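Colleague: Generate the whole structure from the sequences, applying the supplied hints.
Residues per chain, in single letters:
10 protein chains.
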Amino acid sequence: MSAIYDRSEVTRMIVSAKVRKGLKWADVAEQVGLSKEWTTAACLGQMTLTKEQAGIVGTIFDLSDEAIAWLQIVPYKGSLPTAVPTDPLIYRWYEIVSVYGTTIKELVHEEFGDGIMSAIDFSMDIDRQADPKGDRVKVVLSGKFLPYKTY
Amino acid sequence: MSAIYDRSEVTRMIVSAKVRKGLKWADVAEQVGLSKEWTTAACLGQMTLTKEQAGIVGTIFDLSDEAIAWLQIVPYKGSLPTAVPTDPLIYRWYEIVSVYGTTIKELVHEEFGDGIMSAIDFSMDIDRQADPKGDRVKVVLSGKFLPYKTY
Amino acid sequence: MSAIYDRSEVTRMIVSAKVRKGLKWADVAEQVGLSKEWTTAACLGQMTLTKEQAGIVGTIFDLSDEAIAWLQIVPYKGSLPTAVPTDPLIYRWYEIVSVYGTTIKELVHEEFGDGIMSAIDFSMDIDRQADPKGDRVKVVLSGKFLPYKTY
Amino acid sequence: MSAIYDRSEVTRMIVSAKVRKGLKWADVAEQVGLSKEWTTAACLGQMTLTKEQAGIVGTIFDLSDEAIAWLQIVPYKGSLPTAVPTDPLIYRWYEIVSVYGTTIKELVHEEFGDGIMSAIDFSMDIDRQADPKGDRVKVVLSGKFLPYKTY
Amino acid sequence: MSAIYDRSEVTRMIVSAKVRKGLKWADVAEQVGLSKEWTTAACLGQMTLTKEQAGIVGTIFDLSDEAIAWLQIVPYKGSLPTAVPTDPLIYRWYEIVSVYGTTIKELVHEEFGDGIMSAIDFSMDIDRQADPKGDRVKVVLSGKFLPYKTY
Amino acid sequence: MSAIYDRSEVTRMIVSAKVRKGLKWADVAEQVGLSKEWTTAACLGQMTLTKEQAGIVGTIFDLSDEAIAWLQIVPYKGSLPTAVPTDPLIYRWYEIVSVYGTTIKELVHEEFGDGIMSAIDFSMDIDRQADPKGDRVKVVLSGKFLPYKTY
Amino acid sequence: MSAIYDRSEVTRMIVSAKVRKGLKWADVAEQVGLSKEWTTAACLGQMTLTKEQAGIVGTIFDLSDEAIAWLQIVPYKGSLPTAVPTDPLIYRWYEIVSVYGTTIKELVHEEFGDGIMSAIDFSMDIDRQADPKGDRVKVVLSGKFLPYKTY
Amino acid sequence: MSAIYDRSEVTRMIVSAKVRKGLKWADVAEQVGLSKEWTTAACLGQMTLTKEQAGIVGTIFDLSDEAIAWLQIVPYKGSLPTAVPTDPLIYRWYEIVSVYGTTIKELVHEEFGDGIMSAIDFSMDIDRQADPKGDRVKVVLSGKFLPYKTY
Amino acid sequence: MSAIYDRSEVTRMIVSAKVRKGLKWADVAEQVGLSKEWTTAACLGQMTLTKEQAGIVGTIFDLSDEAIAWLQIVPYKGSLPTAVPTDPLIYRWYEIVSVYGTTIKELVHEEFGDGIMSAIDFSMDIDRQADPKGDRVKVVLSGKFLPYKTY
Amino acid sequence: MSAIYDRSEVTRMIVSAKVRKGLKWADVAEQVGLSKEWTTAACLGQMTLTKEQAGIVGTIFDLSDEAIAWLQIVPYKGSLPTAVPTDPLIYRWYEIVSVYGTTIKELVHEEFGDGIMSAIDFSMDIDRQADPKGDRVKVVLSGKFLPYKTY
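Chains as they are written, first to last, in full-length UniProt numbering: chain Y, 1 to 151; chain G, 1 to 151; chain U, 1 to 151; chain P, 1 to 151; chain V, 1 to 151; chain F, 1 to 151; chain A, 1 to 151; chain Z, 1 to 151; chain D, 1 to 151; chain H, 1 to 151.
These aren't lab readings, by the way, just hints derived from the structure by calculation. These numbers come from a predicted model, not from an experiment. Note that CB positions come from ideal geometry on N, CA and C, so glycine has one too. A hint or two may mislead.
[What the hints assert, rightly or not] Over 10 angstroms on every C-beta distance to chain G, these chain P residues come out as not near it, computed from the model:
no.: 1; residue: 3
no.: 2; residue: 5
no.: 3; residue: 24
no.: 4; residue: 26
no.: 5; residue: 29
no.: 6; residue: 34
no.: 7; residue: 60
no.: 8; residue: 68
no.: 9; residue: 72
no.: 10; residue: 76
no.: 11; residue: 84
no.: 12; residue: 86
no.: 13; residue: 87
no.: 14; residue: 113
no.: 15; residue: 121
no.: 16; residue: 149
[To be verified] Facing chain D, from chain H, some residues (calculated, C-beta under 7 angstroms):
no.: 17; residue: 40
no.: 18; residue: 68
no.: 19; residue: 79
no.: 20; residue: 110
no.: 21; residue: 117
no.: 22; residue: 144
Modeller: In structure tokens form, the structure reads like this:
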């Protein structure tokens with residue numbers, strides 16, 4: 001068996017096994033004991049797993065010890081192949097940033113002053129919101145406000 | 001007084017008046033009678049106002065009749081000067097799309113099947129979430145799920 | 001036989017088999033029971049097939065079970081290698097967007113108000129239009145109008 | 001009054017007058033005696049008008065003789081500020097090209113052989129299609145098929 | 001022998017065989033019975049061959065039946081790896097478009113009115129022009145003029 | 001009257017005067033005594049005029065002495081606003097370079113060996129070629145072949 | 001006097017006044033009572049000033065009340081005109097990120113685990129470091145480590 | 001065993017072995033006898049090793065003689081896959097350059113005059129700075145000031 | 001008279017005056033007492049002048065005191081409008097870097113080891129080299145070699 | 001042994017053999033009987049070798065007959081992976097073009113009139129220039145001046 005040179009190879013192994021086995025991310029998350037959002041991001045090569053988490057994931061997706069070791073290494077993050085995403089689902093998020101970008105900026109600063117909403121001390125929930133006019137995707141983002149400091 | 005050729009000129013007039021007068025978006029929204037998110041986006045040139053809404057906004061920001069007419073025209077949307085935003089607050093949102101993009105895609109598809117979360121039949125709430133470890137920015141996004149159809 | 005890591009590998013298998021076997025998309029569509037436009041897009045990795053549709057496609061193109069499983073997974077969409085297409089046929093469409101872009105925007109908004117023509121709740125027909133001065137390509141696009149909402 | 005250096009200045013004058021006067025493209029087209037699609041494109045700086053057409057347009061939008069002369073000059077075409085459009089309505093068209101690009105290519109070639117659909121000997125109709133589930137934008141594109149020749 | 005997934009693989013086979021066998025494009029063209037310009041473009045993956053032409057080319061370059069089948073499929077056109085070519089010979093052509101672009105536009109429109117010179121109903125001849133001050137490359141381009149139509 | 005800072009300002013003056021006066025490039029060229037191709041390129045800011053040529057051009061377009069002085073300065077060349085041209089007429093030339101780029105390269109090298117076709121010691125003729133199936137644009141390019149040297 | 005539409009206009013006023021008056025950033029910082037690094041960034045449009053700080057800066061650079069109001073508004077950050085900086089001094093910093101980027105990543109993660117060095121809760125000192133072989137620029141960067149969290 | 005064509009292959013071997021063996025850069029550096037910053041950069045393909053250093057690194061990571069030879073060849077530098085980095089940790093550094101770029105420029109020039117801070121005669125220290133409010137990453141950069149010369 | 005906000009405005013004043021007065025860079029350089037290469041670069045906004053040099057340049061080009069003050073400020077360097085230059089003369093230099101880039105790298109490293117040729121401690125001479133086969137441009141570049149250091 | 005499809009594969013073979021064998025470009029050049037600059041460029045895939053030269057190079061680097069045949073084919077030139085080079089040594093050359101670009105343009109035109117310095121009829125010498133303050137890289141570029149012609 002050949003060596004693994006890159007976390008993205010492990011991501012591809014996981015995605016390939018998931019298709020082959022017909023697994024669901026929600027079930028993977030339950031076994032890992034964390035949210036489906038974090039767990040999916042981790043399996044897709046964006047987060048770092050602990051030894052124990054990596055072991056569970058390895059078992060689920062039939063990974064080798066070397067692949068399990070790679071899951072515990074901090075990955076080079078960024079999951080998209082182009083700066084402007086071509087996939088329609090992901091593009092809609094990019095469009096929200098493009099259309100509402102200055103609005104978000106104004107409102108966060110009006111409420112909090114100069115600073116940012118952290119994308120590190122951050123969590124996300126994605127859920128179905130039943131609606132008679134058609135169900136909705138409800139997303140809750142929560143990020144710590146980090147103020148710019150003077151010095 | 002010279003003619004207005006572009007909605008972005010009206011946006012600049014609004015922003016300039018807002019600084020001069022020390023106004024708040026939340027107060028503007030209250031006068032318009034809609035959410036602060038939609039109202040701010042509209043004032044920043046991303047949404048179309050009704051005649052009545054445009055009149056209120058025009059009064060608040062001392063706009064000419066011509067500028068008020070422009071507020072009722074559908075604008076060319078997109079609020080950012082570069083494809084990858086340079087402003088740290090807005091970049092963090094771009095980073096969320098970049099890091100979590102494939103995660104969002106997997107989870108929405110797992111829950112809903114093939115389709116997108118609409119960025120048109122869409123609303124956003126941005127609020128302060130008190131937290132002893134440091135307050136957080138809480139954002140709720142709600143977009144109708146639109147399934148791809150076979151034909 | 002090695003594992004499949006990516007939907008694009010299945011697309012390549014399909015295209016390769018199509019050349020080898022000398023098949024036509026119209027015939028594939030007929031067997032699948034859907035329009036030639038949707039069926040072709042699905043075979044080229046842009047749409048998600050049901051189990052039954054995937055089975056039919058798999059039989060037509062001699063695909064393995066694993067490849068057939070991949071056809072049922074929502075793909076990362078976007079079929080072109082560059083942001084501005086180099087192929088003359090496809091470029092002409094890009095040119096129509098470039099030259100007529102603001103015209104389309106003005107006329108849709110004049111008729112419908114602010115909103116978009118959906119590219120999801122969308123269908124397309126491509127047909128030959130006989131014409132003594134030279135036959136024409138006739139394309140009918142139909143997308144649901146989705147209005148922006150105030151909130 | 002200062003000289004006009006560029007067709008885009010005339011476009012801006014027309015758009016500015018249209019907002020000021022509250023005109024509709026359909027009415028402009030009727031006066032010009034051509035389709036609303038061609039007329040709008042022409043007024044937005046993408047087509048060349050005859051002397052007579054330019055005169056009518058000049059009267060509608062209160063243009064100077066110099067501006068009317070510019071309308072009769074072939075413009076440098078391309079109506080969008082960026083290669084990938086940021087406006088959601090226009091982006092959806094770009095997305096159709098991105099997602100269906102290879103599909104369009106396959107089907108046109110299957111029907112006609114190697115060649116292109118002309119974007120020059122071309123016409124477009126944009127209409128409302130009533131639909132109980134929500135009205136639709138119906139677009140008909142018709143372009144002459146131009147075959148590649150061997151030589 | 002592994003399957004062929006892409007016309008570019010056939011192009012690479014042809015170029016590789018040409019180097020190995022020391023062939024000339026002019027001789028290939030003579031055997032195909034067409035101009036050296038069209039024949040070379042076809043062999044380099046930019047044109048579609050008939051069954052007979054593909055058979056001749058296949059014999060010349062020792063191609064498999066599968067490769068010969070690919071030659072009869074309309075290729076995804078565009079022969080250069082970057083939008084601005086780095087190769088000095090090809091860059092000089094790009095430079096001609098860059099420096100003379102607006103000149104070409106003015107003169108074609110002055111002579112023909114609004115429209116384009118077709119790149120589809122098009123032929124090209126490249127020849128040596130003996131000159132005592134140093135031989136010259138003489139290129140003749142001939143493309144049908146296609147006028148924009150009003151509708 | 002304000003100072004001129006840039007050759008492009010003179011180009012804009014010339015184009016503006018040409019529209020106002022309804023002149024033709026062919027007539028300008030005749031007065032200058034050179035080809036219409038070179039003369040147009042020079043007037044559009046891509047070539048350097050002699051004192052005498054600049055004087056003639058200045059008279060034709062009512063230029064100031066300062067503008068006439070600028071015509072005699074070597075310009076920063078490049079006439080297009082984007083790397084990939086959006087104007088359909090000019091794009092077709094770009095497409096020829098894109099589709100035929102490697103063909104041109106192969107055939108020039110087959111005939112001449114390694115080197116380039118000069119874009120400096122270069123001339124171009126653009127003419128109407130009458131054709132019963134529709135008139136054609138005939139373009140003759142002639143550039144000195146410059147061989148790479150070993151040293 | 002015309003209205004101010006943009007923080008960048010205030011930055012230009014400050015830089016213009018600084019040249020005219022021959023001021024030093026270190027002296028400005030001393031009057032503001034903060035570090036020269038933060039003060040310079042603020043004057044160059046990257047930080048938000050308090051009312052008092054803005055007043056001091058306004059006095060130093062002879063700014064109008066409107067300009068002083070703008071200094072208290074959170075700016076759209078990003079100080080460079082291109083994604084890859086052309087200025088040699090700034091490029092060297094970009095080069096450090098390019099050459100040492102993966103090194104920085106490895107060492108921070110080895111010491112701290114997965115997370116980032118904050119660019120918000122961040123300070124920078126730039127000083128002269130005397131050295132007999134040629135003085136050195138010594139820069140100390142200090143940013144809070146922010147760990148990624150599981151959830 | 002196949003030949004090595006590129007330094008990046010050696011980098012991949014080193015990173016792969018590091019994961020497999022669970023090594024730390026600090027320990028590698030200690031064995032090499034240099035700083036962890038330089039050693040890591042060298043192992044990641046950005047610096048050139050002496051024969052002795054390459055031998056030590058080769059032993060640590062089980063490299064072949066050919067790989068050890070490559071470590072002594074000056075590499076093509078640049079460690080990141082995109083011009084704007086997508087990884088959050090590295091992006092924060094890019095953001096510092098973007099936000100503080102003109103500040104750094106002003107302050108270095110105020111202290112030293114025209115010139116640059118060398119990125120060649122340069123060193124970097126990355127350390128943990130204990131802080132009750134959360135530990136900090138402290139980075140010290142030291143680069144020789146190189147003045148522009150007149151000549 | 002309006003304020004100057006940017007060094008590039010001074011550059012434009014100098015270039016405009018140079019055209020108006022018909023001056024030569026060689027003569028300017030002689031008056032400044034430095035090489036024509038450095039002097040031209042300085043006048044074009046790439047170098048910083050001493051008070052005395054700025055005074056001489058100001059007299060030659062009739063600059064205001066404010067413009068003369070700007071000449072003594074370190075400019076934001078980079079003289080070209082695009083990353084890949086469109087001007088044929090300057091492009092040829094870019095082409096040399098593109099074609100010979102790896103050659104230069106190999107030969108400098110073979111002679112000097114790892115490091116760079118300084119572009120700061122650097123001088124350039126551009127001269128005519130008479131040649132019966134056509135005169136040549138002879139350029140001598142001299143840059144200090146700066147070795148990478150281990151630490 | 002598999003077929004060669006591309007000159008870049010031969011370049012990689014040469015570079016790989018050079019590392020394995022510890023050769024120097026200067027020695028290769030001596031055996032070929034040409035300058036080290038041209039020879040290195042040729043070995044790195046930028047120049048075309050004669051049969052005899054290719055044979056010598058093939059012997060030095062143990063190339064197959066097929067690889068030797070490829071050395072005699074005109075390559076697709078351009079040696080760098082990105083438009084703006086990331087390698088510091090090569091970037092400094094790009095920076096020289098960026099900073100001095102307009103200076104070079106002015107001085108060549110002042111001396112020669114409108115035209116270019118050829119990058120084809122061109123030679124380069126790279127040498128060590130001993131200097132007590134630190135040795136320097138001395139580069140002499142010599143390119144034929146090619147004047148633009150009127151026609």
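Colleague: Grab the minimum beta-carbon distance between residue 113(P) and chain G and tell me whether it stays above 10 angstroms.
Modeller: 26 angstroms, holds
Colleague: Hint check: is the beta carbon of residue 117(H) less than 7 angstroms from a beta carbon of chain D?
Modeller: Check passed: Cβ of residue 117(H) comes within 4 angstroms of chain D, closer than 7 angstroms.
Colleague: Compute the least Cβ-Cβ separation between residue 87(P) and chain G, then decide whether it is above 10 angstroms.
Modeller: The claim breaks: residue 87(P) does not keep its Cβ more than 10 angstroms from every Cβ of chain G (closest is about 5 angstroms).
Colleague: For residue 68(P), is the shortest beta carbon distance to chain G beyond 10 angstroms?
Modeller: 18 angstroms, holds
Colleague: Looking at residue 5(P) again, its CB stays over 10 angstroms from all of chain G?
Modeller: Fine: 15 angstroms to the nearest Cβ keeps residue 5(P) off the interface.
Colleague: May I ask you to check that residue 29(P) keeps its beta-carbon over 10 angstroms from the closest beta-carbon of chain G?
Modeller: Correct as stated: the minimum Cβ-Cβ distance to chain G is 18 angstroms, above 10 angstroms.
Colleague: Beyond 10 angstroms from every Cβ of chain G: is that where the Cβ of residue 26(P) lies?
Modeller: 16 angstroms, holds
Colleague: Would the hint on residue 110(H) stand, with a C-beta cut-off of 7 angstroms toward chain D?
Modeller: 6 angstroms, holds
Colleague: Would you check whether the claim that residue 3(P) is not at the interface survives, using Cβ distances to chain G and the 10 angstroms cut-off?
Modeller: 16 angstroms, holds
Colleague: Could you check that no beta carbon of chain G comes within 10 angstroms of the beta carbon of residue 34(P)?
Modeller: 23 angstroms, holds
Colleague: Per the stated criterion, does the least C-beta distance between residue 86(P) and chain G lie above 10 angstroms, as a non-interface residue requires?
Modeller: Residue 86(P) is in fact no farther than 10 angstroms from some Cβ atom of chain G, at 3 angstroms.
Colleague: Would the non-interface assignment of residue 76(P) survive a Cβ cutoff of 10 angstroms against chain G?
Modeller: Nearest chain G Cβ is 18 angstroms from residue 76(P), so the label holds.
Of the numbered hints given earlier, the model fails hints 11, 12, 13, 18; all others are met.
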